[in-house]
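A.B. asks: Chains as they are written, first to last, in my numbering: chain D, 14 to 291; chain G, 14 to 291.
If you are wondering where the hints come from, they were derived from the structure by calculation, not from laboratory data.
Be careful, since some hints might not be right.
The list treats identical chains as interchangeable, and a pair is accepted whether it falls inside one copy or across any two copies.
[Unchecked claim] Pairs of lysine-lysine, DSS-like flavour, derived with a Cα cap of 25 Å:
no., residue 1, residue 2
1, Lys142, Lys40
2, Lys26, Lys190
3, Lys39, Lys142
4, Lys270, Lys65
Number of protein chains: 2
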Amino acid sequence: MTRQQLVEQIKIKRSYLCVGLDPDIKKIPAHLLSEPDPIFAFNKAIIDATGKFAVAYKPNLAFYENMGAKGWSALEKTLAYIPKDCFTIADAKRGDIGNTSLLYARAFFDQMSFDSVTVAPYMGEDSVKPFLEFKGKWAIVLALTSNKGADDFQFLKVAKSNHGDNDQLLFEMVLKKCASWGDINNMMFVVGATQADMINRVRKVVPDHFLLVPGVGAQGGDLAAISRSGLNKDCGLLINSSRQIIYAGNGNDFAEKAGEEAKKVQKEMDLLLKEAGL
Amino acid sequence: MTRQQLVEQIKIKRSYLCVGLDPDIKKIPAHLLSEPDPIFAFNKAIIDATGKFAVAYKPNLAFYENMGAKGWSALEKTLAYIPKDCFTIADAKRGDIGNTSLLYARAFFDQMSFDSVTVAPYMGEDSVKPFLEFKGKWAIVLALTSNKGADDFQFLKVAKSNHGDNDQLLFEMVLKKCASWGDINNMMFVVGATQADMINRVRKVVPDHFLLVPGVGAQGGDLAAISRSGLNKDCGLLINSSRQIIYAGNGNDFAEKAGEEAKKVQKEMDLLLKEAGL
Chain D
14 MTRQQLVEQI
24 KIKRSYLCVG
34 LDPDIKKIPA
44 HLLSEPDPIF
54 AFNKAIIDAT
64 GKFAVAYKPN
74 LAFYENMGAK
84 GWSALEKTLA
94 YIPKDCFTIA
104 DAKRGDIGNT
114 SLLYARAFFD
124 QMSFDSVTVA
134 PYMGEDSVKP
144 FLEFKGKWAI
154 VLALTSNKGA
164 DDFQFLKVAK
174 SNHGDNDQLL
184 FEMVLKKCAS
194 WGDINNMMFV
204 VGATQADMIN
214 RVRKVVPDHF
224 LLVPGVGAQG
234 GDLAAISRSG
244 LNKDCGLLIN
254 SSRQIIYAGN
264 GNDFAEKAGE
274 EAKKVQKEMD
284 LLLKEAGL
Chain G
14 MTRQQLVEQI
24 KIKRSYLCVG
34 LDPDIKKIPA
44 HLLSEPDPIF
54 AFNKAIIDAT
64 GKFAVAYKPN
74 LAFYENMGAK
84 GWSALEKTLA
94 YIPKDCFTIA
104 DAKRGDIGNT
114 SLLYARAFFD
124 QMSFDSVTVA
134 PYMGEDSVKP
144 FLEFKGKWAI
154 VLALTSNKGA
164 DDFQFLKVAK
174 SNHGDNDQLL
184 FEMVLKKCAS
194 WGDINNMMFV
204 VGATQADMIN
214 RVRKVVPDHF
224 LLVPGVGAQG
234 GDLAAISRSG
244 LNKDCGLLIN
254 SSRQIIYAGN
264 GNDFAEKAGE
274 EAKKVQKEMD
284 LLLKEAGL
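The task is simple: from the sequences and hints, build the whole structure.
C.D. replies: Right, dumping it as C-alpha cells:
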C-alpha cells in the first residue's frame, strides 16, 4: 500500500487506529477453543467487528511463533482475511546482515504479502535497506519503544564528536540516519506512546514520516496528548491498540465489545483530526 | 545445555566450531529437490557429516521463515535431528517488550527446545531478561556484528556524562549493561569475526563470557587471529561457519565435502587450543 492510499483510507474512515492482533490462547474466549483453528477464528471475528474503525492491523509475530507451524499457518490465514483497504504490519522486529535481511523481507513481502515489517536498527544500514527495496512496501524502524528497557540504550547521549553538532540521544541518531536510507514513502518509525513528551523531539527530526505508536491503552499511553504532538499534514500517525480492544470482552460477545471499543477510539480520533484541521 | 557440559564437549571434540544451518533452496544440490522435504534432507546430511567436528549448530531463522509453515516444520525436524551432545542456537535476533519477549523465549525454549536464542539489545533490559529465566538456556546478545552496518550505531561514542568514566563505544556499553542482567552461565555475546582487532576490547569488558563469532569463512574473518585474542580459560568461543562448510560441494558428495571442510577447521582449532594451553 502506498502512502497516498494509506492517507486516503485515513480520510475515508476518519481513523488512524491500528489494531494489534496479538491472540493469546490462554485469553481468548473459551467457546473458540473447539474451533479447528481457534487463533484464526478469534482474529477473524475481531477483524469483522473492527474493520470499519481501523485502517491497519498489526499481528505481533511472537504470538504466532509461540505455536510453531500451526501458529504460522494461523498468521497466513489471518493476513489473507484482512480487507485489502487496510494497511498490514508484521510486527517482527527483524534485522540481520544484508543478504539475510533480504530473506526476511521476502518472507514477509513475497511469501506472505504484508505491507510492512518492523525492523530493529542495531545492525545498521545493510540490515534495514533490504526492506526498502520492495515497491509499495515499508520498513518500520524501532526508534523509541514503549517499554521500560527503552531507557537502557535509546536515551544514551551520543558524543558530539560523532557528527559535529550538539549532543543528541541515540534514538535521535537512529531517526536521522535511518531516515537518510529511505524516504517518507517507504519508511516509518516506531515511537512508544508512553514517551508522549518525546514526540516533539521526534517530530523535530522526522516531521513528515508516519509514526507507528504502540503503547496506547494497556501500556498507559495517552491518545490525545500523542496526537496533538504527533499529527502532521498527512495525519502521519498510526496508533496501535492491542489488549484494550481485542480483550474488551471475553464472552460470546467478545467481538461486539471489541468493535465498540474500536468505535470509541475512532470517534476520538475523528475529533482529534478535526482539531488538527484534517 | 549448561556451561560445564558445553566446555566438556569442546574438550572431547577438540573443537569450538559451530555450523550455521542456513539452507537456501536455490543453492542446495539438485538431487535433493525431489525429496519430500529438501531442506531437512540437506540439513540431515550436513549434520551427519559434520557432527564429529562441531560442538554447535546454528540455524538462522530467516532461511526457514522465508518458506512459511513448511520452513518452520523443516526447522523443527532439523532441531530434533541434531545430536543431544551439540549446543543449539536459534539465530533469530529477537527482542520485544517484556511479556512479548517471554513468548519468543517460550517459542524457542519450550515449543522447540533450542539451548539458546540470539537477541537484539536495542529495547533494553526487559526485552532481554525473559530469555535468561529458563534453566540451562541462554541468551546470546548482539554486541558487535560482522556486517558493514555495524559501523552505523555500534561504534558510536557514548558521552561520558552517561556513566562517569571514559568515553566508550556503544557496543562496549551494550556488553557492560547486558552482562549485569545475566551471568556467564546464561548469557553469551555475538562478536563479529570481521572485527578481529576489536576482540581485545570486548575481552576487557567480558573476559569470562562465551562469545559467538560469526563471519569466519565467506565473510572474511580470520580463525587464528580471532582465537588468539578471544580464547579464555574455558575456551570461551564458538566460531560459526556457514557457507564455507555447507556449500563446500554441490554435487552428490556435498555432505562429504562439508565433512572434510569441518574436519579441516576442527584440526586448526585443536592446534589453537593446544597453543592456548587447553
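A.B. asks: What hints, given by number in increasing order, does this structure fail?
C.D. replies: The structure breaks only hint 2.
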